[in-house]
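There are 2 protein chains.
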Amino acid sequence: MTEHTYKQFDTELEKIRSGVLRMGGLVETQVANALEGLKTGNIGLLERVIEGDHRINLLEIELDEECNQIIAKRQPAAVDLRLVMTVIKAIADLERIGDEAKKIAKAAKRLHSGEMPFSLRVDLSYGAGLALDMLRSALDSFARADISAWARIEKQDEEVDACFKGTMRQLITFMMEDPRTISNSLEVLFIAKAIERVGDHSKNVAEYVVFLVQGRDVRYAKSVAAEGGTPQS
Amino acid sequence: MTEHTYKQFDTELEKIRSGVLRMGGLVETQVANALEGLKTGNIGLLERVIEGDHRINLLEIELDEECNQIIAKRQPAAVDLRLVMTVIKAIADLERIGDEAKKIAKAAKRLHSGEMPFSLRVDLSYGAGLALDMLRSALDSFARADISAWARIEKQDEEVDACFKGTMRQLITFMMEDPRTISNSLEVLFIAKAIERVGDHSKNVAEYVVFLVQGRDVRYAKSVAAEGGTPQS
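From first to last, the protein sequence lines are chains X and Z. Per UniProt numbering, the very first residue in the first sequence carries number 1; after that it's consecutive. Per UniProt numbering, the very first residue in the second sequence carries number 1; after that it's consecutive.
Next comes chain X alone, as it looks inside the complex:
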């Protein structure tokens, strides 16, 4: 490659790298706005979240295409190839976080559009705060190619799962006490599930960063341990 080509290649890599961060920022805002709309009943905000999802989908398609172009034209190797593969995987998870934001916004809109004024009887803010923190940390790890937050993110994921289970137990109690709340409680249950999924996808992103930095695939570490080997040996 000539020096000029190298420079172009670097620019292209930087473009997909910053694309992930831009997409991540957008997705984070979508989740935060969906939760804000759920709390305040701001229907306009919820509708903006629902309509905004397609921008994230388009961003995924765009970045995916750029990654394909880089592989075809530049034949990246080693850490450059790992960056491209990490981007391809990370944007798929970010797109799905976008879907979860949309689901939350749609459910919140239904809840706040009913005949009776709706107020949330379970506290989702702790789990939601954790999931958003996981997302930010995962993006930050990617930005700095630094895996020091990974162990904490894995721990937070367990906490988010526990929050979901706690919410489910609370909702079951409410539903048993007053069966008229069943429909609304199910909407809230699916919102809690969506928050849990935001955590799962953020954890995935953090795991891809380990692959990016160290070349190790750390997904399903428990599966691999059960098998008594390493996947790449």
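Simulated from the structure, these hints should not be mistaken for laboratory data. Take the hints with a grain of salt, since some may be wrong.
When chains are identical, the list treats them as one kind, so a pair holds in a single copy or across two.
No farther apart than 27 Å at their CA atoms in a straight line, the calculated lysine-lysine pairs in the DSS-like style are these [to be verified]:
1) K155 x K7
2) K106 x K155
3) K109 x K193
4) K109 x K39
5) K155 x K165
6) K193 x K39
Please arrange chain Z on chain X, whose structure you already have, making use of the hints.
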């Protein structure tokens, strides 16, 4: 490339191609067995599904690594590159179908391990049959690089979504009639959701095959139409 290298390259591409089909077959069996165990209460079968999931995870990691190797060593272009990218994406969705099978099996095990004998009061078989048919059709499309089933799979996906909504309505009725059934009904609701997700992921695989065959990215077609353009233009 020498003729020898070409042959090796072909062998490698064939290996990842058949790897997807093998993984797909395994995943299909997992879903079918989980549903069978739900119906019959065969706890041994359900436990085999739960334990079997890690094999699918390992298969994904293995195939993913093989795809990375092919890109690094062979620098594939055009349809060969599209095959590798399709494999990388398809195995991620197949792995998630495996997760859904495991979720169904775990919920079924809890339902059949309660003090009271459990029998399913909603009929999930129609939606489950559709979702499994979508999975088989998507894998078949991939095997034959043939997109003729794609439109039907998209239609079936809508039907599976409608089945889920119908099941949810039925379950709400049961829960309101007899609040003691709420916990079990929620387990069944999450099983119905998992079936719907099997449909979603199968649809994704079918969409990747369109990319493989035609080089068009047809995901989020509605988003793109809303934006008034094509993603790659």
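State whether the alpha carbon distance between K193 and K39 is at most 27 Å within one copy, between copies, both, or neither. both (17 Å within a copy, 25 Å between copies)
Should K106 paired with K155 be assigned to within, between, both, or neither, using CA atoms and 27 Å as the limit? between (29 Å within a copy, 23 Å between copies)
For K109 and K193, with the copy left unspecified, which applies at a CA distance of at most 27 Å: within, between, both, or neither? Both ways: K109 and K193 sit 17 Å apart in one copy and 21 Å across, limit 27 Å.
Cα distance capped at 27 Å. Does K155 pair with K7 within a copy, between copies, both, or neither? neither (40 Å within a copy, 47 Å between copies)
Up to 27 Å between alpha-carbons, please classify K155 paired with K165: within, between, both or neither. Classified as within; 16 Å inside a copy, 34 Å across copies.
Can you give me the call for K109 and K39, within, between, both or neither, at a CA distance of at most 27 Å? within (11 Å within a copy, 36 Å between copies)
Consistency with the previously given hints fails for number 1 only.
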